[in-house]
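Enquirer: What follows is each chain in one-letter form.
There are 2 protein chains.
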Amino acid sequence: MARLVLKFGGTSVADIDRIRNVARHVKREVDAGHDVAVVVSAMSGKTNELVGWCREASAIHDAREYDTVVASGEQVTAGLLAIVLQKLGVNARSWMGWQIPLRTDGSHGAARIDAIDGTEIIRRFGEGQVAVIAGFQGLAPDNRIATLGRGGSDTSAVAVAAALQADRCDIYTDVDGVYTTDPRIEPKARRMDRISFEEMLEMASLGAKVLQVRSVELAMVHKVRTFVRSSFEDPDAPGMGDFDNPPGTLICDEDEIVEQQVVTGIAYAKDEAQISLRRVADRPGVAGAIFGPLADAGVNVDMIVQNISEDGSHTDMTFTVPASDLDKAASIIAAAKEDMGFDVVQSESGLTKVSVIGIGMRSHAGVAATAFKALAGRGINIRAITTSEIKISILIDGEFSELAVRTLHSVYGLDKARP
Amino acid sequence: MARLVLKFGGTSVADIDRIRNVARHVKREVDAGHDVAVVVSAMSGKTNELVGWCREASAIHDAREYDTVVASGEQVTAGLLAIVLQKLGVNARSWMGWQIPLRTDGSHGAARIDAIDGTEIIRRFGEGQVAVIAGFQGLAPDNRIATLGRGGSDTSAVAVAAALQADRCDIYTDVDGVYTTDPRIEPKARRMDRISFEEMLEMASLGAKVLQVRSVELAMVHKVRTFVRSSFEDPDAPGMGDFDNPPGTLICDEDEIVEQQVVTGIAYAKDEAQISLRRVADRPGVAGAIFGPLADAGVNVDMIVQNISEDGSHTDMTFTVPASDLDKAASIIAAAKEDMGFDVVQSESGLTKVSVIGIGMRSHAGVAATAFKALAGRGINIRAITTSEIKISILIDGEFSELAVRTLHSVYGLDKARP
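These protein sequences, in sequence, are chains A and B. In case it helps, the working numbering puts the first sequence at residues 1 to 419. In case it helps, the working numbering puts the second sequence at residues 1 to 419.
Looking at chain A on its own, in the form it has when it is part of the complex (with noise of 0.2 Å):
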């Protein structure tokens, strides 16, 4: 007997036919003889036409309101799926942020998770009963109610798993699980069975859109064990309710995770641009000076390269930047060229960062040199590297993204089942 934290998204919830099949799944758990919470999503489209309104309302609006409003989505979902369950013969009851309380801070439309209540539900799990719990949203210090931002029911059931010390968080969503690679792209890519936490972290931040990053850096903060698997499969289907080893990835602690990989698996962004500024002033505070204005306009610089110019009195700044936000950094940088003194600017967009990730590189040495040789030997040309101690993420042309995939995919053997 377990105690498991069940999430449901947006399509896994679309209609009532899909409520049903997520109840079955629900009781499948209680059935086993398991304490279960459920955490949910609103159904698909709905949020979007609840922001739509909002925006409708005016461009600019009071995010206390806005959370008031988008909030109802999952109010509606919790309710209808302890109906569905009660129905099965499922003791379950719908709970909304404000009445557990889950307690956030203020910063209403992104707030933060300050704490959780967990005590009535864990008594209520003495009488049999499911707590159906309304994602995404919480009680503000205001008495009002706060919504978690973007992916914010991922970061609800991870939070609630902590709060309630659950065995496991399962993420049911639309994919059966966390794959070495984007399978529309290398066919032979294969789910793992587990990841660690900060592979996942990397995995999530590079593109792998199975779960958000908040909610797997809350994972790795609480180590709460969290599944991903898919809800569309026959609930009852064999295996499904094996609780040691059900189908789907295990994201936990790497001490839970025998044989370690060298390389776990290869990650993608694409649409990405890279801004070079030449013969800048080799002087303290010249990286502030230019990466602080556009922090301040809130664009997301990620990759930084800094060389010796050629002449060896200046240096060279390379960083990227999203291809959406390049021409406010564009302009933001022409506007502050004489505070920052550099030359040239270059620009270029259409680029893609392809990543290498795997905990076992921490001890193992040539891992980037294999990867360079690699993408070297397909004729692939490498913009720029950068490195932290379980990663790798090099810069190339855009056109050569799914063939830089594959063969990294391949060069550290990810094609080929694990023994």
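These aren't lab readings, by the way, just hints derived from the structure by calculation. Please note: incorrect hints may appear among the correct ones.
In this list, chains with the same sequence are indistinguishable; a pair is considered to hold if it fits within one copy or across any two.
Unchecked claim - The calculated lysine to any residue pairs, modelled on SDA-like cross-linking and capped at a C-alpha distance of 25 Å, are:
#1 K87 x D142
#2 K46 x A376
#3 K27 x R64
#4 K188 x D296
#5 K27 x A289
#6 K87 x D339
#7 K27 x E56
#8 K87 x E56
Got chain A; can you put chain B on it based on the hints?
Expert: Here is chain B on its own, set in the frame of chain A:
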């Protein structure tokens, strides 16, 4: 400077454009210096959508979950109206039932209001803030959302007006006031300037669908001056902001109506059915034996007429039910025939009840006689009559409905403008 509660129904807030129009009505009153609370319904169609989902989830469903789902409609409107008001420069915030709190009893799905804490809303009037209140909802003793049942937003508005000690509760709707009779039947029907609570109660319960009976009862008990007016007129048209004499109908204490009319209005209810029991044993308890089982089955029995039977030793019992309840009523009576002791059942549907209403009747003789004579003059047969202090109800064949309404409207001089 007065304190006003304004209530807007579903068609008045059907989309963002209409919500903008509502906001202009609100702003007009705010600009005039009044304290303003607004009570809103769900956008038209939304409540039906939410109710439909609950039914699709399960034909029989937990009323607490139903309330959670359905109350979200008003939540959305309240947030959106607050946003639009802020855009117009009006200081406004939304209030859910649980935030005020507006406390109800535990009858989820059809809750009654127990208490409304107006302290914080009144304090904020002092800061010039408008309260935008989600109608139809409150907080039950179990700390969950309760809805007030059909017509709940009118009831919310009147109860809020009582709690805030408002000078007036303005019900903005899709008609511009209360008429002497249905203008679709009698184009000469005139809008009344004033009508007493008692008269309005009779008009409402007899099918004038301007206001829910329950909200009129509440207004009468708490002496809330309630004003029916149109939300579709230009908010800034001449006279709309006239505090003492805006266009519409004031429902108020009869003391406020200087010149009482003998007859105020003609109401009607179609689709009535009549059931007659002949030769009922004339002994104590027989009425209970007949109407008890009907009440238990939820059949709404209306006009009851009892006569001595032709043979003098028994009694005849005639009563009306809505035509939609006729089959149910007939089968209950058939099943209980032994118990009730009667000979013959006759039933007929397709009947109409027309009613003459007026507080002045109390002090004027001959009002009923005038009606009977007028109907006879048109060849309309009277099937049953019931009277109260301020009302005469007459059951006729449905085909004469319109003719009867017009005849009565004319015979009491309602066609003519009041002096």
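Enquirer: Reference check for the pair K188 and D296, CA-CA at most 25 Å: within, between, both, or neither?
Expert: The answer is neither: 42 Å in one copy and 68 Å across copies each exceed 25 Å.
Enquirer: How would you label the pair K27, R64 (within, between, both, or neither) given a Cα cut-off of 25 Å?
Expert: between (36 Å within a copy, 21 Å between copies)
Enquirer: If the cutoff is 25 Å on CA atoms, where do K87 and D339 land: within, between, both or neither? Let me know, please.
Expert: Neither, since 68 Å and 39 Å both go past 25 Å.
Enquirer: 25 Å Cα cut-off: does K27 pair with A289 within a copy, between copies, both or neither?
Expert: Neither, since 57 Å and 47 Å both go past 25 Å.
Enquirer: When Cα atoms must be at most 25 Å apart, do K46 and A376 count as within-copy, between-copy, both, or neither?
Expert: neither (47 Å within a copy, 59 Å between copies)
Enquirer: Evaluate K87 and D142 at a C-alpha cut-off of 25 Å and name the case that applies: within, between, both or neither.
Expert: Result: close only across copies, 22 Å inter versus 37 Å intra.
Enquirer: Between the shortest in-copy and the shortest cross-copy C-alpha distance, which are at most 25 Å for K27 and E56: within, between, both, or neither?
Expert: Between copies only: 19 Å across chains, 40 Å inside a chain, cut-off 25 Å.
Enquirer: From the Cα coordinates, with 25 Å as the cut-off, is the pair K87 and E56 best called within, between, both, or neither?
Expert: The answer is between: 11 Å across copies meets 25 Å, while 38 Å in one copy does not.
Checked against the numbered hints given earlier, the structure breaks hints 2, 4, 5 and 6 and satisfies all the rest.
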